[in-house]
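**Student:** Here is how the chains run, residue by residue.
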Amino acid sequence: MTISIHASVNGEPCQFQCGTTDTLLKVLRENLQLTGTKQGCGTGDCGACSVIMNGELVCACLVLAVECGQADIRTVEGLSSAGQLHSLQQAFLDNAALQCGICTPGLLMASKALLDKHPQPDETQIRYWIAGNLCRCTGYDKIVRAIMGCVS
Amino acid sequence: MLRIPLKSGKWFFAITFSAAGTVIMEYCAPVTLAEVCAALGAASGTVKVFAGGTDLLPRFVAGVNPPALLIDIKHVPETREIRRLAEGGFVIGSACSGGQISAHTELVRSWPGLTEAMDLIGSVQIQSRATLGGNLCNASPAADSVPALIASRARCRIAGSDGERELPVEDIIVSPGRTCLRQDEFIVSFFLPARNPRSADAYLRMTPRTEMDIAIASAAVNLTVDEQGVVNECHVVLGAVGPVPVYALPAARILLGSRLDEEVRQRFRRQISALCRPISDKRGSAEYRTDVTAVLADRAAMTAYNRALL
Ligand SMILES: Cc1cc2nc3c(=O)[nH]c(=O)nc-3n(C[C@H](O)[C@H](O)[C@H](O)COP(=O)(O)OP(=O)(O)OC[C@H]3O[C@@H](n4cnc5c(N)ncnc54)[C@H](O)[C@@H]3O)c2cc1C
Ligand code: FES
Ligand code: FES
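So the protein sequences, as listed, match chains Y and U.
In case it helps, our numbering puts the first sequence at residues 1 to 152.
In case it helps, our numbering puts the second sequence at residues 1001 to 1310.
Hints in this document: simulated from the structure, not taken from any laboratory.
Careful, some of the hints might be misleading.
As the list claims (entries may be wrong) - Here are some chain Y residues pointing at chain U (derived, C-beta under 10 angstroms):
| id | residue |
| --- | --- |
| 1 | Cys49 |
| 2 | Leu57 |
| 3 | Ala82 |
As the list claims (entries may be wrong) - Per label pair, the in silico range of CB-to-CB distance:
| id | chain 1 | residue 1 | chain 2 | residue 2 | range |
| --- | --- | --- | --- | --- | --- |
| 4 | U | Asp1213 | Y | Cys100 | 21 to 27 angstroms |
| 5 | Y | Gly55 | U | Lys1282 | 46 to 52 angstroms |
| 6 | Y | Gln90 | U | Arg1084 | 41 to 47 angstroms |
| 7 | U | Glu1233 | Y | Ala96 | 44 to 50 angstroms |
| 8 | U | Arg1165 | Y | Glu123 | 15 to 21 angstroms |
| 9 | U | Arg1153 | Y | Glu123 | 46 to 52 angstroms |
| 10 | U | Met1302 | Y | Ala96 | 43 to 49 angstroms |
| 11 | U | Val1091 | Y | Thr43 | 28 to 34 angstroms |
| 12 | U | Arg1165 | Y | Pro13 | 43 to 49 angstroms |
| 13 | U | Met1302 | Y | Thr35 | 48 to 54 angstroms |
| 14 | U | Arg1165 | Y | Gly11 | 43 to 49 angstroms |
Claimed, not checked - If the Cβ cut is set under 8 angstroms, some of the chain U residues that face chain Y in the computed set are:
| id | residue |
| --- | --- |
| 15 | Ala1014 |
| 16 | Ile1015 |
| 17 | Thr1054 |
| 18 | Phe1060 |
| 19 | Pro1066 |
| 20 | Val1124 |
| 21 | Ile1126 |
| 22 | Arg1129 |
| 23 | Glu1211 |
| 24 | Met1212 |
| 25 | Ile1214 |
Note that beta-carbon positions come from the ideal geometry of N, C-alpha and C, so glycine has one too.
Please model the entire structure based on the sequences and the hints provided.
**Tutor:** This is the structure:
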C-alpha cells in the first residue's frame, strides 16, 4: 500500500502514490513520467528541478510529495498550449539560449514565475531572479536576452 | 516497501515502512498548536519539526537517516501569520517564509535590517520555502536572519507538551546545530518589540559570491537616536565569527552617546575585531574574517544610523 495524494498538475486533476520520504521531483519524473523537470544536485542549489507550486517558484527536490495534497503544480510540460510554444520557449529558441538544455526547463519555469509576478523586470532584476538556476553552457547572456525579449 | 496511509481527524498522517517492516518515517501535518504539542509529546523515537525543509531535506539526500517522525508545522495558523500589535510590536509566525516576510511592507518599513537579512537566504526558489524559525533552529553559525533577530531583541513563543514558555532569541542556540529546545518543544512565533521613533536596523554579510552563498562573516546593528541624532540605544550582533552569534555589547557601548563620528567608528571597528573568534577554513582565513567583520559592522552601523535619521 502507498499513500495516495490528490493534486492538480498543469491544470489537470492528478492522483499519485508515494512514500513519506519521496520528493515531488521523484514523483513527477518516476510516477507521472513528467521528465521535463530535471534532477541536478537534489539539494536546492542548481534550480534544474524548478516548478511552480501554488503560484510560487520552488525546487521540486526540496518539496516532499506528501506535502502536495490539493496543491496546484505547474511544470514545463504545461507551458505550451494547443501545439503552440509559450512565448518564453520561442524566445529561448530564437536567442539560442540553450546548449545541452538540462537547465532549460528550470529556467523557463523560473522566467515564467518572474513575468507572472513582475511583468516588466529590468536586466538586474532578471539576473538576480535567476541566480538559483545554474547553467554550465551558455554564460547566461543569451538567457537574459531571451527573457528580456518577452518583457511586455 | 510497504506504505500505509492513515487519516486522523483533519490532519494528514502517513507512514513508510522498510521491506523489513521497520518504520522509515512517519509524516504528519497537524492544523492546531495543541495537535503539534500532542504529537511532539507522544513521539517515542527521533522526531523533527518540519517547516520549509530547506535544511532538513538536503540532509536526507546526503545520507542522514530521516527521523522516525516528521511534524509539518506550517498548517498551524499561528506559525504563518504576520501581525502588527496595537502597541506597535509585531508577531511573526515561525513558519513564515522569506517571500512572505519581504512582501509585508509594514514589517519591512519597521525592520529593514531583519527583513533584508531574511531576504539574503538562497534563491527565489529557496525564499518560497525557507522559514525564519527554521533558520534559527537549524543553529548554523552563519545563519543570516539570526544576528538581526538577536539585535532586534526578539522573543520566542515556545510551545511544548506541558505548556508554553518565552525566551529571548539569543538563548536558543547553544552550539553549532544545537538549540536549548526540548524534543517535545517548538517555536510558534517571534515577538518583535514596538519601535521608538528614529529607530532602524541593518544587516550586512560577506560572501565569496554575490548570490547563493553562505556568509563568512556578518553583522547586524539595531539602534535608536534622539532628536539631536545621538545614539541612545544600540545592539550589535556578529555572525559566522564564533560557534554561536556574538552579542557585541562592548562594541555597542562605544556607539552610545555618539553621532558615529570617525574617531568613535575607529574604536568601534577595533572592538569588533577584538570580539571575533572565527575559524580558518577554505572559504576564509580567521584573519580575513576578523578584519572584514569590523568593516561590515561599521557599514551596518552607518546604514542603520542614516535610516534612523530619516
Ligand atoms: C540552496 C540553499 C541556499 C541557502 N542559502 C542560505 C543563506 O544564504 N543563508 C542562510 O542563513 N541559510 C541558507 N540556507 C539554509 C536554509 O535555507 C535556511 O536555514 C532556512 O531558513 C531554513 O528554514 P526551513 O524552514 O527550510 O528549515 P527546515 O529544514 O524545515 O528546518 C531546519 C531545522 O530547524 C528545525 N525547525 C524548523 N522550524 C522549527 C520551529 N518552529 N521550532 C523548532 N524547530 C524548528 C527543524 O527541525 C530542523 O532541525 C540555504 C539552503 C539551501 C538549500
Ligand atoms: S535538483 Fe533541485 S535544485 Fe538541483
Ligand atoms: S544549456 Fe547546458 S546547462 Fe544550461
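**Student:** Does each hint fit the structure? Answer for all of them.
**Tutor:** To see whether the hints hold, each was checked on the structure:
With a cut of 10 angstroms, the hint placing Y/Cys49 at the interface with chain U holds, because the nearest CB-to-CB distance is about 9 angstroms. Nearest Cβ of chain U to the Cβ of Y/Leu57: about 5 angstroms, under the 10 angstroms cut. The hint holds. Interface hint at Y/Ala82: violated, since its Cβ lies 29 angstroms from the closest Cβ of chain U, which is beyond the 10 angstroms cut-off. For the hinted restraint 21 to 27 angstroms between U/Asp1213 and Y/Cys100, the CB-CB distance of approximately 25 angstroms keeps it satisfied.
A hinted range of 46 to 52 angstroms for the beta carbons of Y/Gly55 and U/Lys1282 is inconsistent with their spacing of about 39 angstroms. Against the hinted window of 41 to 47 angstroms, the Cβ-Cβ separation of Y/Gln90 and U/Arg1084 comes to about 45 angstroms, which satisfies the hint. Taken as a hint, the range 44 to 50 angstroms is violated for the pair U/Glu1233 and Y/Ala96, whose Cβ atoms sit roughly 57 angstroms apart. Checked against the hint of 15 to 21 angstroms, the C-beta distance between U/Arg1165 and Y/Glu123 comes to roughly 49 angstroms, which is inconsistent with it.
The hint said 46 to 52 angstroms for the Cβ distance between U/Arg1153 and Y/Glu123, and at roughly 39 angstroms that hint is violated. Distance hint check: the CB atoms of U/Met1302 and Y/Ala96 are about 45 angstroms apart, consistent with the given range 43 to 49 angstroms. Roughly 32 angstroms separates the CB atoms of U/Val1091 and Y/Thr43, a value that falls within the hinted 28 to 34 angstroms. As the Cβ distance of U/Arg1165 to Y/Pro13 is approximately 45 angstroms, the hint placing it in 43 to 49 angstroms holds.
Taken as a hint, the range 48 to 54 angstroms holds for the pair U/Met1302 and Y/Thr35, whose Cβ atoms sit roughly 51 angstroms apart. A hinted range of 43 to 49 angstroms for the beta carbons of U/Arg1165 and Y/Gly11 is consistent with their spacing of about 46 angstroms. This hint holds: U/Ala1014 has a C-beta 4 angstroms from the nearest C-beta of chain Y, less than the 8 angstroms allowed. About 7 angstroms separates the beta-carbon of U/Ile1015 from the nearest beta-carbon of chain Y, less than 8 angstroms, and the hint is met.
At a threshold of 8 angstroms, the smallest CB-CB gap from U/Thr1054 to chain Y is about 6 angstroms, leaving the interface hint in force. Interface hint status for U/Phe1060: upheld, as the beta-carbon distance to the closest one in chain Y is roughly 7 angstroms, under 8 angstroms. The closest approach between the C-beta of U/Pro1066 and any C-beta of chain Y is roughly 6 angstroms, which is under the 8 angstroms cut-off, so the hint is satisfied. Here the hint on U/Val1124 is kept, as its CB sits about 5 angstroms from the closest CB of chain Y, short of 8 angstroms.
For U/Ile1126, the shortest C-beta to C-beta distance to chain Y is roughly 6 angstroms, which falls under 8 angstroms, so the interface hint holds. At a threshold of 8 angstroms, the smallest CB-CB gap from U/Arg1129 to chain Y is about 6 angstroms, leaving the interface hint in force. Against a cut-off of 8 angstroms between C-beta atoms, the interface hint on U/Glu1211 holds, since the closest Cβ of chain Y lies about 4 angstroms away. Checking U/Met1212 against chain Y: minimum C-beta separation of about 6 angstroms stays under 8 angstroms; hint holds.
For U/Ile1214, the suggested interface contact is broken, since its CB lies about 11 angstroms from the closest CB of chain Y, more than 8 angstroms.
Checked against the numbered hints above, the structure violates hints 3, 5, 7, 8, 9, 25; every other hint is satisfied.
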